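Residue numbers (our numbering), protein chains in the order written: chain A, 1 to 492; chain B, 493 to 616; chain C, 617 to 764.
These are calculated hints, taken from the structure and not from any lab test. Keep in mind it's a predicted model, so treat the numbers as computed, not measured. Each hint should be verified, as a subset may be incorrect.
What the hints assert, rightly or not - Just a few of them, taken from the derived set where beta-carbon distance is under 7 Å, the chain A residues facing chain C:
{"no.": "1", "residue": "Ile264"}
{"no.": "2", "residue": "Gly266"}
{"no.": "3", "residue": "Val270"}
Positions of the beta carbon are idealized from the N, C-alpha and C atoms, including for glycine.
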Amino acid sequence: MNHRDENINSTESNGELRGVHTDGNGSPANMTKVILRYIEEGAFFLDSQFNFGESFSAALEEILCVKELKGTNFLSLLENRVPEDIITNTREFLEIMFRPDLEEEEIYELNPLAETEFFYEDEWGMWTSSKTLSFRFKRVVEGGKIVALFSTVRDLSEERRLNQKLKQIEDHTQKQMEWLVNILHVEPDLLRDFFVGVEHEMENVDNVLKNTRETKKYFEVLENIYRSLYIIKGNASLLDLKFFSDKASHFLEKIVKIKDESEIDGNDFVPIVIELGELRSTLEEIKTIFQRISQFHNHFRAKRSYESELLVNSLKNLTQSLSRQLKKPVSFDYKDFDALSIPYTYRQMVRDVLFLLIRNALLYGIETREERRSANKSNIATIKIITFTDERFLGLVLRHDGRIERIERLLQKMITADYESEEERRNWEGISVSQLLFMPNMSVGDEQEILANSAMDIEILKRKLKEKGGRLKITFTSEEFCEFIVFLPLRA
Amino acid sequence: MESKVKVLIVDDSLIIRQAIEKNLNGFPIEIVGTAGDGKNALELFTQHQPDVVTLDITMPEMDGIAVLEQMMGQNPAVKVMVITALKDKATGLKAIQLGAKSYITKPFTPEKLKTAFGRMLEKN
Amino acid sequence: MNETDLHFFIDSTINYFEEVTGEKALTGIPYIKGKEPVILEYSGIIGISGKRKGCVYFTTTQAMLESLAHEILGITDAATETVKDLAGELANTISGNVREAYGSSFMISVPVVVEGKAKDIRLPENVQSFVIPITWKDFKSFLVVCLE
Numbered sequence: 001m002n003h004r005d006e007n008i009n010s011t012e013s014n015g016e017l018r019g020v021h022t023d024g025n026g027s028p029a030n031m032t033k034v035i036l037r038y039i040e041e042g043a044f045f046l047d048s049q050f051n052f053g054e055s056f057s058a059a060l061e062e063i064l065c066v067k068e069l070k071g072t073n074f075l076s077l078l079e080n081r082v083p084e085d086i087i088t089n090t091r092e093f094l095e096i097m098f099r100p101d102l103e104e105e106e107i108y109e110l111n112p113l114a115e116t117e118f119f120y121e122d123e124w125g126m127w128t129s130s131k132t133l134s135f136r137f138k139r140v141v142e143g144g145k146i147v148a149l150f151s152t153v154r155d156l157s158e159e160r161r162l163n164q165k166l167k168q169i170e171d172h173t174q175k176q177m178e179w180l181v182n183i184l185h186v187e188p189d190l191l192r193d194f195f196v197g198v199e200h201e202m203e204n205v206d207n208v209l210k211n212t213r214e215t216k217k218y219f220e221v222l223e224n225i226y227r228s229l230y231i232i233k234g235n236a237s238l239l240d241l242k243f244f245s246d247k248a249s250h251f252l253e254k255i256v257k258i259k260d261e262s263e264i265d266g267n268d269f270v271p272i273v274i275e276l277g278e279l280r281s282t283l284e285e286i287k288t289i290f291q292r293i294s295q296f297h298n299h300f301r302a303k304r305s306y307e308s309e310l311l312v313n314s315l316k317n318l319t320q321s322l323s324r325q326l327k328k329p330v331s332f333d334y335k336d337f338d339a340l341s342i343p344y345t346y347r348q349m350v351r352d353v354l355f356l357l358i359r360n361a362l363l364y365g366i367e368t369r370e371e372r373r374s375a376n377k378s379n380i381a382t383i384k385i386i387t388f389t390d391e392r393f394l395g396l397v398l399r400h401d402g403r404i405e406r407i408e409r410l411l412q413k414m415i416t417a418d419y420e421s422e423e424e425r426r427n428w429e430g431i432s433v434s435q436l437l438f439m440p441n442m443s444v445g446d447e448q449e450i451l452a453n454s455a456m457d458i459e460i461l462k463r464k465l466k467e468k469g470g471r472l473k474i475t476f477t478s479e480e481f482c483e484f485i486v487f488l489p490l491r492a
Numbered sequence: 493m494e495s496k497v498k499v500l501i502v503d504d505s506l507i508i509r510q511a512i513e514k515n516l517n518g519f520p521i522e523i524v525g526t527a528g529d530g531k532n533a534l535e536l537f538t539q540h541q542p543d544v545v546t547l548d549i550t551m552p553e554m555d556g557i558a559v560l561e562q563m564m565g566q567n568p569a570v571k572v573m574v575i576t577a578l579k580d581k582a583t584g585l586k587a588i589q590l591g592a593k594s595y596i597t598k599p600f601t602p603e604k605l606k607t608a609f610g611r612m613l614e615k616n
Numbered sequence: 617m618n619e620t621d622l623h624f625f626i627d628s629t630i631n632y633f634e635e636v637t638g639e640k641a642l643t644g645i646p647y648i649k650g651k652e653p654v655i656l657e658y659s660g661i662i663g664i665s666g667k668r669k670g671c672v673y674f675t676t677t678q679a680m681l682e683s684l685a686h687e688i689l690g691i692t693d694a695a696t697e698t699v700k701d702l703a704g705e706l707a708n709t710i711s712g713n714v715r716e717a718y719g720s721s722f723m724i725s726v727p728v729v730v731e732g733k734a735k736d737i738r739l740p741e742n743v744q745s746f747v748i749p750i751t752w753k754d755f756k757s758f759l760v761v762c763l764e
């Protein structure tokens with residue numbers, strides 16, 4: 001028996017509730033009225049027809065925002081204030097509350113008004129506000145017969161509102177804490193570069209969305225947005241910003257879904273623009289967190305340039321993480337890589353390019369341990385990155401000792417192909433070699449995502465190089481190594 | 493000769509008032525006034541005692557629901573057709589509960605307006 | 617603001633043109649409004665309060681409104697007053713129709729019409745605004761939705 005039951009039974013046993021309800025002229029009824037006047041909760045009696053009794057607490061009308069309740073039918077009161085199904089359920093519940101064959105405790109849980117939203121009309125009859133109310137019902141028993149129900153009603157709106165707000169704050173704080181922990185291990189300069197990179201790509205997406213007028217180009221627009229998001233995702237992964245790369249992945253999935261449709265119109269871009277909005281909000285929030293902690297970073301940070309170390313570390317992390325994931329042991333050699341020689345304006349670009357090259361080397365160039373063993377190669381593959389400069393160019397080299405049979409096959413194909421001119425042959429060769437190097441279908445089996453991503457990589461690389469007037473050179477020897485050299489003009 | 497039905501058109505949009513007037517000109521009616529806000533509508537209502545009112549809800553000065561309540565208080569026999577952009581059921585139900593005889597939502601086609609208006613006129 | 621919210625407004629706009637003129641309007645690619653003004657010759661603005669808060673506006677050209685007035689009233693020489701009024705009525709109908717989905721606690725104000733394209737419409741700060749290009753016949757217009 002719960003506390004409420006004890007109260008009711010005790011009052012019933014000393015006769016007070018009987019007097020409350022049935023006395024027409026005696027003092028108990030008056031006393032009840034007096035008591036009810038001072039109760040801060042809503043309290044009232046319902047007869048077997050579910051009509052309000054003469055006595056109810058002063059707070060009731062205020063809680064319900066309804067005047068002149070006496071004689072009003074409770075179910076009528078609910079009309080237009082709670083959903084129809086709840087009214088039906090309430091009727092059934094009240095009916096069984098009057099059935100003596102059912103124990104009160106057993107039906108207690110069935111109360112449909114235990115917590116319900118009450119809608120209120122304004123002066124024009126519009127539903128403009130609502131309250132969360134909690135009704136409780138207890139039987140009033142007289143001579144072994146259920147003669148009425150005693151009900152209390154509490155306004156839980158403020159409590160619910162505060163709880164909801166608290167939960168929102170908690171969720172938000174929790175999310176921000178996760179982000180904070182996630183970004184704390186990232187060097188501020190890298191993070192700043194990341195922000196610049198994301199903003200650059202988002203700007204690209206914005207421009208594409210704003211400036212495309214021709215319906216025919218909608219699929220191109222999707223491709224373009226996909227590329228930007230792909231870069232954002234890549235950069236987030238590079239810094240191990242999981243929450244951000246997850247968001248970008250989610251965004252990419254939506255784009256893929258739209259791309260799969262045979263025909264698209266402006267409406268199909270709605271999810272994209274919404275995702276973009278969310279991504280932008282996330283970026284803004286992270287930037288705010290970052291700004292808050294950056295002073296802390298600066299305070300404790302030694303005053304020397306970290307650029308080289310930071311960039312190399314992030315590339316090293318990427319290599320190690322992919323190496324583990326793909327079960328391809330790799331040694332990452334960066335002793336000839338000097339990030340300080342990279343002009344500030346190229347830092348983001350260099351990171352993006354090396355990210356793509358490393359990823360592709362590991363995915364499609366470097367063999368598995370077993371394959372290397374059977375080719376009499378060292379168990380551990382090597383990826384080496386180098387920087388060099390002359391007066392005109394900044395050079396980036398990525399060399400790996402993975403297999404290059406696919407290039408041999410390509411060469412074979414090129415030899416047998418029919419070209420109209422030597423120039424065409426060279427053009428085709430240049431593009432195709434690079435494309436083939438990024439072709440995944442020779443080594444990654446059925447990993448569809450990787451397939452799609454790889455084709456994207458070469459597109460992105462080409463776009464990035466084109467933007468800056470750079471070029472890519474690929475050299476290789478059949479059994480020894482494969483080398484990618486990227487030239488970026490130093491005087492744009 | 494049968495007397496014409498007196499109609500008051502209430503809408504804060506000039507073009508909607510004009511569109512209603514244009515589309516109803518085939519009916520045996522006399523437009524006794526047009527109003528662009530609730531207060532003016534009530535003044536014209538008192539002055540002309542129209543038989544039929546077309547009434548918008550979202551209006552400056554006084555909302556259409558409040559106007560409807562007052563009109564019904566003054567003349568419970570008046571036929572009010574609510575023409576509003578507010579497409580929610582609660583608003584429609586409220587208007588009907590307060591005594592409106594017809595309820596159509598904007599945007600309306602001439603046919604939709606004429607059919608609803610004709611049906612309302614036919615009812616006693 | 618989510619996809620469904622934005623779709624309510626887009627659908628409401630498309631429905632308006634179809635219902636009034638029998639000719640469908642086309643939705644262009646939506647985008648997030650930046651600092652650049654999105655404003656044409658006439659803009660009907662609706663304030664939103666109640667369960668949702670924000671602002672919605674429809675901005676368009678005089679030519680579109682004149683053509684629309686022709687569809688509604690059969691006139692070819694719509695007065696400036698009529699054109700201006702139609703801009704407000706359009707915004708009012710688009711927003712009012714959305715109550716079918718949101719219910720009556722989605723409160724809309726009476727429309728305010730801004731004439732001229734000199735300035736941008738002031739929208740609530742810190743809330744993203746989405747711009748949806750709408751083309752009806754060959755006329756360009758924009759629906760801008762800014763909801764918390």
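Hints, verified against the model:
Interface hint at Ile264/A: violated, since its Cβ lies 10 Å from the closest Cβ of chain C, which is beyond the 7 Å cut-off. Nearest Cβ of chain C to the Cβ of Gly266/A: about 4 Å, under the 7 Å cut. The hint holds. A distance limit of 7 Å between C-beta atoms decides the matter here; for Val270/A the minimum to chain C is near 5 Å, and the interface restraint holds.
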